[in-house]
Structures are given as structure tokens and as C-alpha cells.
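**Student:** Whenever a hint applies, use it, and build me the whole structure from the sequences.
Sequence lines, in order, name chains W and Z.
To convert, note that position 27 of the first sequence is 27 in full-length UniProt numbering; the numbers rise steadily by one, no gaps.
To convert, note that position 255 of the second sequence is 255 in full-length UniProt numbering; the numbers rise steadily by one, no gaps.
Rather than coming from a laboratory, the hints here were simulated on the basis of the structure.
Be aware that one or more of the hints could be misleading.
[As the list claims (entries may be wrong)] Here are the simulated distance ranges between beta carbons:
#1 Z:E280 - W:G59: 50 to 58 Å
#2 Z:S19 - W:K61: 36 to 44 Å
#3 Z:K4 - W:Y93: 52 to 60 Å
#4 W:S169 - Z:E40: 54 to 62 Å
#5 W:E63 - Z:G197: 23 to 31 Å
#6 W:A204 - Z:E263: 52 to 60 Å
#7 Z:G276 - W:G59: 47 to 55 Å
#8 W:E271 - Z:G165: 57 to 65 Å
#9 W:I251 - Z:E63: 40 to 48 Å
[Claimed, not checked] Pairs of lysine-lysine residues, derived as DSBU-like cross-links and limited to a Cα-Cα distance of at most 30 Å, are as follows:
#10 Z:K61 - W:K166
#11 W:K9 - W:K202
#12 W:K61 - Z:K126
#13 W:K202 - Z:K61
#14 W:K126 - Z:K61
#15 Z:K126 - W:K126
#16 W:K126 - Z:K98
#17 W:K294 - W:K283
#18 W:K98 - Z:K61
Every residue gets a Cβ at the ideal spot worked out from N, C-alpha and C, and that includes glycine.
Protein chains: 2
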Amino acid sequence: MIDKLIAEKAVRINDIVESYLPPADGFNRTVCEAMAYSVEAGGKRLRPMLMEETYRLFGGKSEVIKPFMAAIEMIHTYSLIHDDLPALDNDDYRRGRKTSHVVFGEAMAILAGDALLNYAYETACKAFGMGEDIHAVASAMCVLAQKPGINGMIGGQVVDVEMTGKELSKEQLEYVYENKTGALIEASMMIGAILAGADEAKVAAVHKIASDVGMAFQIQDDILDVCGDSALLGKPTLSDEENGKVTYVTIHGIDESRRYVTELSERAVRELEEIGGDNEFLKELVIWLINRDK
Amino acid sequence: MIDKLIAEKAVRINDIVESYLPPADGFNRTVCEAMAYSVEAGGKRLRPMLMEETYRLFGGKSEVIKPFMAAIEMIHTYSLIHDDLPALDNDDYRRGRKTSHVVFGEAMAILAGDALLNYAYETACKAFGMGEDIHAVASAMCVLAQKPGINGMIGGQVVDVEMTGKELSKEQLEYVYENKTGALIEASMMIGAILAGADEAKVAAVHKIASDVGMAFQIQDDILDVCGDSALLGKPTLSDEENGKVTYVTIHGIDESRRYVTELSERAVRELEEIGGDNEFLKELVIWLINRDK
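**Tutor:** Shown next, in the form of C-alpha cells:
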């Protein structure tokens with residue numbers, strides 16, 4: 001049931017995100033095509049979904065959320081394009097599709113990533129012209145600029161890259177999870193709350209919930225890599241072990257990892273209930289995300 | 001005289017830009033060091049200089065310009081780091097200094113470029129908290145997001161990369177010049193005008209002036225490559241010819257190029273005078289930029 005609902009919402013979100021992509025009809029055609037190629041490659045659209053559902057939780061009803069939904073997905077996509085580059089993970093396939101540098105060449109993939117990051121801000125700026133509370137839009141913009149950056153996603157990515165093939169400490173691993181995975185989930189939910197006019201205390205509460213969700217989401221990823229069904233996952237399992245990768249599971253063991261995911265999950269749901277508001281789907285989405293089998 | 005004044009102003013601008021760089025003291029230390037390495041590599045600081053002087057022309061007097069000055073230089077620097085990468089221009093040296101990927105490796109150079117682009121927006125967002133007119137800051141943010149992007153700098157860069165080794169048409173060459181070089185100069189001057197509270201007509205006038213300045217600046221670069229003094233320039237001349245590069249000079253000839261630079265220069269200065277205001281240095285800076293011998 002929840003799977004079907006998530007899939008339906010993802011289709012609607014695809015339309016929103018794609019409606020903000022630039023037309024590929026000028027001298028810059030190739031980069032626009034490369035941007036669209038990667039954005040349209042699919043994915044769960046979790047970040048814009050969490051953003052929109054948090055926005056609704058706080059009673060948000062306007063279109064102002066849409067450019068931010070598109071922007072967060074563009075930032076997520078740029079990070080995947082650059083992550084897949086030969087100098088980084090050197091992945092030729094993602095979700096069964098050739099990666100950007102395989103299709104467009106390395107130079108264009110670098111530029112397409114740059115272009116998506118930049119265009120995310122250009123897209124979010126459209127929200128300034130929508131007649132909504134300009135202070136809320138400005139606050140949302142600040143979160144959109146901060147969380148993907150050096151004290152957020154890029155910070156986590158840097159440590160991940162530097163420590164490839166080395167022993168990550170517990171603290172470093174936590175830093176990578178909090179930032180590489182967690183930061184964009186935090187940005188998504190915080191922006192939803194901010195744009196709906198939530199006060200500072202509520203935004204802080206959402207921040208904490210999102211942080212738990214991000215951490216649990218990533219640890220569940222590690223658990224699935226060990227215990228998941230590769231047919232359901234659509235990718236091979238045991239890849240972390242094969243790559244000699246330090247994960248939460250290799251450090252803390254499978255039982256402790258499961259226990260911690262449950263703890264984070266219960267806390268996130270409890271705090272979501274404490275916030276109040278009316279969005280049963282968001283609660284179910286959070287539970288699904290954390291306890292998913294794919 | 002003007003040379004000395006420009007050099008003095010550049011020193012002050014260096015301090016401003018560097019004051020906005022992040023501290024390199026956390027797990028993300030390496031990327032912060034890589035960001036600083038490239039920002040501190042020097043350069044004329046023309047973009048923040050043009051921004052600040054245009055801000056003064058319209059009577060701007062507050063600190064709000066500073067985060068934007070830092071941001072535009074970060075964006076310029078990121079574009080150089082990515083431009084120098086092996087997959088793009090493959091340059092090991094810039095201004096006599098090893099480029100980012102040579103010092104930090106290719107993966108970190110890609111991330112440092114991403115980080116600078118992202119941090120530019122994070123830095124500019126600090127202007128929202130400075131108590132100035134929030135509508136002006138939002139407008140400035142929109143220009144900062146638009147001009148470096150696919151319909152600006154990246155667009156020009158894409159065509160430049162795609163056409164390497166091929167015959168550029170006149171229209172393509174103009175597109176590259178307008179965007180790869182011109183767009184950030186336009187952003188700089190427009191943001192200065194917007195933050196100082198200039199009205200729409202004045203911002204449009206500044207846009208046009210900046211477009212002329214950018215075009216003349218780039219054509220002068222081509223002229224210097226043919227006729228300049230390599231000792232003054234600090235780089236070898238005739239590199240365009242050697243690389244079989246199509247430039248304004250190779251298409252239109254040296255006499256027409258000089259004539260056009262003079263036309264653009266005279267028009268820019270005349271329009272700057274028509275705007276009024278009081279900034280003799282900005283006028284001299286524009287003349288120097290366009291007619292420079294280095």
C-alpha cells in the first residue's frame with residue numbers, strides 16, 4: 001500500500017522536477033541534454049517527497065515549494081554525476097543506465113554536474129518572485145546553500161574520498177553518514193518546514209528528526225548490503241565487504257546496527273508525533289524509509 | 001598611477017575575500033585547504049573590484065557588498081579549477097603555480113571546485129542577515145545564480161569545450177565571449193548596482209555597459225596574444241595561433257579588432273558618464289581594462 005502511494009507520488013514529483021529543467025534548444029544544448037539525462041534517470045525522489053510532505057505537515061499549500069523540490073533533486077543528481085566520475089568512484093553504470101561521463105564524455109559530465117548545482121540555486125531563486133513571505137524564502141535559500149556544502153554533503157564526500165581504502169574511525173564514519181547522506185535529507189525537511197512558516201523551535205525539531213532519518217536510512221543501506229535480497233534491491237549485495245569498505249555494520253555488527261536503526265526510527269516517529277500536525281503519510285514514509293527492504 | 005591604485009585595491013579585496021574562506025580545522029580540512037589554495041593564487045580581483053566600484057557609483061556604503069564580492073571571486077575561482085582539469089584544458093600551471101589537481105589530486109580538485117561554487121551561495125546568503133533591504137539582496141542573489149549558469153558562464157564554457165579543434169562560427173564565438181567571459185563581469189556590475197538600490201532602468205544600463213566591457217576585455221586578450229609583450233603579460237604570446245584557436249582576431253583581423261575594442265570602450269565610458277554618479281576610478285578602471293597592455 002505504502003509502496004504504491006510512494007510510487008504514485010514519485011511520478012507526480014518527476015513532473016514537477018522535469019518542468020523546471022531548462023529547454024535544450026540553444027548553443028548550450030548539450031549541457032542541457034546531459035542535465036536532463038541524469039535527472040530523468042529516476043530514483044525514489046525521496047528528498048523532494050520529504051520536503052513536500054513536511055511542508056504539508058505544517059499546513060503549506062502554495063506553489064512556492066515546487067522550485068525548492070526541483071532544486072534539491074538537482075543537487076542530489078549533480079552529486080551523483082560527479083561521484084561517478086573516473087577520478088572518484090569510476091562507475092560506468094547507475095541504476096542500470098550508463099553514467100553521464102560514459103554517454104557525454106568526462107568534460108561534459110563535469111560541466112553538467114556544475115550546471116545542475118548552479119541551476120538548483122537559479123531554480124530556487126524563482127521562489128522569490130512568487131509573492132510568498134520573502135523572509136521564509138530567504139531562510140530556505142540559506143539552508144539550501146548550507147547543507148549541500150563543505151559543512152554538509154561535500155564535507156562527507158571529501159572524507160569518504162580521502163579514506164577510501166583506509167580504516168575509517170567511528171567518528172569519521174559518523175561524520176560521513178551525517179553529512180554525505182544526512183545533510184540533504186535535513187535540508188529537505190527543514191526547507192519544507194520553513195516555507196510553511198514553522199517557527200524556529202519546530203524547524204529545530206524537524207532538523208533533529210531528519211538527522212535521525214538520514215542516519216537510520218544509511219545504516220539500513222549497510223544492513224541491506226549484508227542481508228538484503230539482491231533481486232529486490234536491483235543491485236548486488238555484499239559489495240561493501242568485497243570493496244573492503246568500513247560501514248556501520250562492519251564496526252558495530254549486524255545486531256547493534258539493527259537495534260540502533262530501531263532506536264532512531266522510534267525516536268523519529270515519536271518526535272514527529274510530538275510536533276503534531278496532520279500528515280499520516282509522512283510518518284509512514286519515514287518508517288518505510290528506515291525499515292525498507294529495497 | 002591607475003596601475004598602483006588597482007594593485008592597492010586588489011590587496012584590500014584579497015583581505016575581504018579571504019576573510020570569507022572557511023576555517024580548515026575539521027574533518028573536511030583538505031577541501032578547505034584546496035579552496036584557499038586556489039583563491040589565494042591571486043589574480044587581478046577584477047570582478048569584486050568592478051562590483052564594489054559600481055556599488056559606490058550608486059552611493060552604496062554598507063558591508064552588504066562584501067559577501068557578494070567574496071562570492072563572485074569564489075565562482076570565478078571554481079571555474080578556473082574545473083577548467084584546468086585533465087578532462088578539460090589539462091593545465092598543470094596557472095600564473096606560475098601548480099593547479100589544484102596537480103597539488104591535491106583530481107578527485108579533490110573536482111570537489112574543491114564544487115565546494116567553491118556551493119560556498120559562494122552560502123557566503124552570499126550571509127547578506128540576508130545584515131539588516132539591509134531584503135528585496136535588493138534577493139535580486140542580487142538571483143543575478144548571482146543566473147549569470148554563472150547555463151545561460152551564462154557555463155553555457156559559454158560548454159560551447160568552448162565542444163568546439164575545441166573545430167571551426168567556431170562568428171555567432172558561436174560571440175556566444176562564448178558574451179558568456180564565458182562576459183557573464184561574470186555583468187553579474188559583478190549588476191549586483192553592485194542592485195545592492196546600492198539602483199532602479200531597474202539603471203541596472204539595465206549597467207548590464208549593457210558590463211556586456212561591452214566583457215566583450216572588449218576578451219577581444220583585447222586576443223589582441224595581446226598576437227601583439228602583446230610576453231614579459232609584461234607574464235605568459236607566452238601567440239598561444240592562440242599555436243593551438244589553432246579561432247579568436248576574434250583570427251576571424252576579423254587585427255585592425256577591425258582594435259577598431260571594435262575602441263568602439264566598445266568609448267560607448268561604455270559614454271554610457272557610464274550618462275548614468276551620472278561620482279566614481280572617476282570606475283571610469284578609469286574600465287578604460288584600463290579594455291586598453292591594457294597586460
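**Student:** Decide, hint by hint, whether the structure agrees.
**Tutor:** How the hints compare with the structure:
no., hint, verdict
1, Z:E280 - W:G59: 50 to 58 Å, "holds (55 Å)"
2, Z:S19 - W:K61: 36 to 44 Å, "holds (42 Å)"
3, Z:K4 - W:Y93: 52 to 60 Å, "holds (57 Å)"
4, W:S169 - Z:E40: 54 to 62 Å, "violated (30 Å)"
5, W:E63 - Z:G197: 23 to 31 Å, "holds (29 Å)"
6, W:A204 - Z:E263: 52 to 60 Å, "holds (58 Å)"
7, Z:G276 - W:G59: 47 to 55 Å, "holds (49 Å)"
8, W:E271 - Z:G165: 57 to 65 Å, "holds (58 Å)"
9, W:I251 - Z:E63: 40 to 48 Å, "holds (46 Å)"
10, Z:K61 - W:K166, "violated (51 Å)"
11, W:K9 - W:K202, "holds (25 Å)"
12, W:K61 - Z:K126, "holds (28 Å)"
13, W:K202 - Z:K61, "violated (37 Å)"
14, W:K126 - Z:K61, "holds (28 Å)"
15, Z:K126 - W:K126, "holds (19 Å)"
16, W:K126 - Z:K98, "violated (39 Å)"
17, W:K294 - W:K283, "holds (18 Å)"
18, W:K98 - Z:K61, "violated (52 Å)"
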